[in-house]
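Visitor: Protein sequence lines correspond, in order, to chains A and B. Everything in the first sequence is counted per this note's numbering, starting at 214 for the first residue and increasing by one. Everything in the second sequence is counted per this note's numbering, starting at 32 for the first residue and increasing by one.
Derived from the structure by calculation, the hints contain no laboratory data. Treat each hint with caution, since some may be false.
[Stated by the list, open to error] Short derived list, chain A residues pointing at chain B, Cβ under 10 Å:
#1 Leu-226
#2 Ser-229
#3 Pro-253
#4 Asp-315
#5 Thr-380
#6 Val-420
#7 Leu-463
#8 Arg-465
[Stated by the list, open to error] Computed cross-link-like contacts, DSBU-like style, restricted to lysine-lysine with a CA-CA straight-line distance of at most 30 Å:
#9 Lys-156(B) / Lys-388(A)
#10 Lys-356(A) / Lys-435(A)
#11 Lys-98(B) / Lys-283(A)
#12 Lys-287(A) / Lys-170(B)
#13 Lys-310(A) / Lys-171(B)
#14 Lys-299(A) / Lys-171(B)
#15 Lys-310(A) / Lys-149(B)
#16 Lys-233(A) / Lys-274(A)
#17 Lys-182(B) / Lys-310(A)
#18 Lys-458(A) / Lys-356(A)
#19 Lys-156(B) / Lys-174(B)
#20 Lys-453(A) / Lys-464(A)
#21 Lys-356(A) / Lys-388(A)
#22 Lys-124(B) / Lys-174(B)
#23 Lys-310(A) / Lys-174(B)
[Stated by the list, open to error] So these bits of chain B aren't anywhere near chain A, every CB distance computed over 10 Å:
#24 Ile-56
#25 Met-80
#26 Thr-111
#27 Ile-114
#28 Lys-119
#29 Thr-140
#30 Asp-144
#31 Thr-146
#32 Gly-150
#33 Asp-193
Even for Gly, the Cβ is constructed at its ideal location relative to N, Cα and C.
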Amino acid sequence: MSQEIIDTVAQYLTPSIPIKLISQGAEAVVFSTAVHPYCPMRETASGNEPTQYIIKYRSPKKYRHPIIDKQLTKHRTLSESRLLAKLFLIEHLNVPKLIATDVYNGYIWLEFLGEDLPNNCGYSNLKNFLWMYANDPYNEQVKNTLFEVGKQIGLLHWNDYCHGDLTTSNIVLAKDDNGIDWVPYLIDFGLGSQSNMVEDKGVDLYVLERAIISTHSSFSGKYNQWLIDGFSSIYKAQGKTGAKKLEEVLKRFADVRMRGRKRTMVG
Amino acid sequence: MQLPQFPGTNIEILLYENVSNVDAIRSRVVELPYAFIDASAICSVEQIMSAIYRVMIEANYNRLRTKTLHSEILLALSPTSNIGEAFKRFGLKENTKNLFMIQITQDKTSNVDKTLVKGDIIEFKDESIERMSDIETIKKIYKIDQSLHLKNNTQLSRAVVDAIQLRGL
């Protein structure tokens with residue numbers, strides 16, 4: 214099954230674009246490549262390390278009617294691409310750059326973000342980053358990074374967008390221009406949407422809190438506090454309206470925590 | 032030049048500076064087998080290339096909205112699906128000084144007529160393009176808010192590429 218998908222992608226891309234499978238989800242398969250789809254001069258531009266690109270492919274699902282399958286693939290590829298374009302226009306919000314989309318075949322090309330962490334700690338998503346600091350969990354860099362992550366989510370929510378699948382794997386850290394500080398990027402907006410509903414925002418925060426608790430349980434109290442501090446700082450910078458909206462979101466967040474992500478539906 | 036995904040298609044891009052016979056070219060644009068683009072509406076290599084990529088995707092997996100691949104490039108550059116508007120914004124104007132001449136063919140060898148445009152050929156790279164772009168016009172064409180935080184050409188170009196990739200979908 215998986216091989217079949219890889220073959221389809223390889224055929225679509227032709228042998229001139231070698232690919233490496235990096236992740237497979239229920240909805241899409243993600244590859245990396247060193248070949249830019251249309252700017253050959255970009256590939257060697259930065260000199261030493263070859264620039265990488267991400268290819269996200271939504272494969273046809275056999276359990277769906279072919280016509281509906283095509284429509285869904287087109288719709289979802291397009292919504293994710295559109296969302297990335299809109300989010301780029303929000304100042305200070307960090308999302309991957311959209312390079313190309315082929316909605317007819319379900320492909321999105323994105324810039325590759327992040328790098329391998331030192332000492333075999335794996336790829337630089339928030340999850341691996343926190344593991345890396347397991348021996349020194351309250352390090353200043355951990356605190357700053359989580360605060361900055363909180364700010365990113367705050368920016369997203371303040372502008373009425375929701376991520377929909379906010380986990381520690383979907384937050385990627387990339388070195389900034391000076392090569393020292395980590396800058397958080399939110400990735401995978403496959404379940405993202407524009408939404409001004411406090412419920413969606415509360416669920417986003419809850420999902421991330423659960424992710425932190427389940428993988429870094431001993432330190433999760435502080436970690437989640439730092440995230441919320443960063444989140445709140447964005448709202449508080451918006452004066453009275455910000456404070457009021459912050460209160461609403463945090464109240465709903467507490468409600469969601471009490472009952473779980475899904476609202477109980479009986480009968 | 033070829034795009035990796037479309038090895039059978041040859042793309043030639045020439046960037047001309049100080050063109051003296053724009054009027055003559057304009058009067059024959061329809062019959063000439065090239066796309067001519069006013070360089071002032073272009074801010075980067077990736078803007079041109081992403082439009083060509085979009086054309087190839089539409090040609091291979093959907094359908095063309097205009098008569099030729101060449102005219103389709105002008106439409107692909109545009110943020111709206113109005114063909115006339117696209118030609119007005121990206122096509123040659125009376126006062127055009129610098130221009131792109133683009134040819135897309137299925138032939139292996141290029142056969143671009145380099146005597147057609149009277150002007151200086153300069154290297155197709157960001158540094159040359161930036162010199163010729165009219166940033167305010169580009170922002171207006173792509174309706175990129177003037178007050179926006181697009182600090183440099185890289186960010187402007189990114190917003191433009193987004194618009195090109197998503198137009199009309």
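Visitor: Could you run down the list of hints and mark each one as holding or not?
Guide: Structure-based check of each hint:
no., hint, result
1, Leu-226, "holds, 6 Å"
2, Ser-229, "holds, 4 Å"
3, Pro-253, "holds, 7 Å"
4, Asp-315, "holds, 5 Å"
5, Thr-380, "violated, 26 Å"
6, Val-420, "violated, 27 Å"
7, Leu-463, "violated, 28 Å"
8, Arg-465, "violated, 30 Å"
9, Lys-156(B) / Lys-388(A), "holds, 27 Å"
10, Lys-356(A) / Lys-435(A), "holds, 9 Å"
11, Lys-98(B) / Lys-283(A), "holds, 27 Å"
12, Lys-287(A) / Lys-170(B), "holds, 29 Å"
13, Lys-310(A) / Lys-171(B), "holds, 22 Å"
14, Lys-299(A) / Lys-171(B), "holds, 17 Å"
15, Lys-310(A) / Lys-149(B), "violated, 38 Å"
16, Lys-233(A) / Lys-274(A), "holds, 22 Å"
17, Lys-182(B) / Lys-310(A), "holds, 16 Å"
18, Lys-458(A) / Lys-356(A), "holds, 25 Å"
19, Lys-156(B) / Lys-174(B), "holds, 25 Å"
20, Lys-453(A) / Lys-464(A), "holds, 17 Å"
21, Lys-356(A) / Lys-388(A), "holds, 16 Å"
22, Lys-124(B) / Lys-174(B), "holds, 21 Å"
23, Lys-310(A) / Lys-174(B), "holds, 19 Å"
24, Ile-56, "holds, 26 Å"
25, Met-80, "violated, 4 Å"
26, Thr-111, "holds, 15 Å"
27, Ile-114, "holds, 21 Å"
28, Lys-119, "holds, 24 Å"
29, Thr-140, "holds, 19 Å"
30, Asp-144, "holds, 25 Å"
31, Thr-146, "holds, 27 Å"
32, Gly-150, "holds, 23 Å"
33, Asp-193, "violated, 4 Å"
In terms of the numbered hints stated before, the structure departs from hints 5, 6, 7, 8, 15, 25 and 33, listed from lowest to highest.
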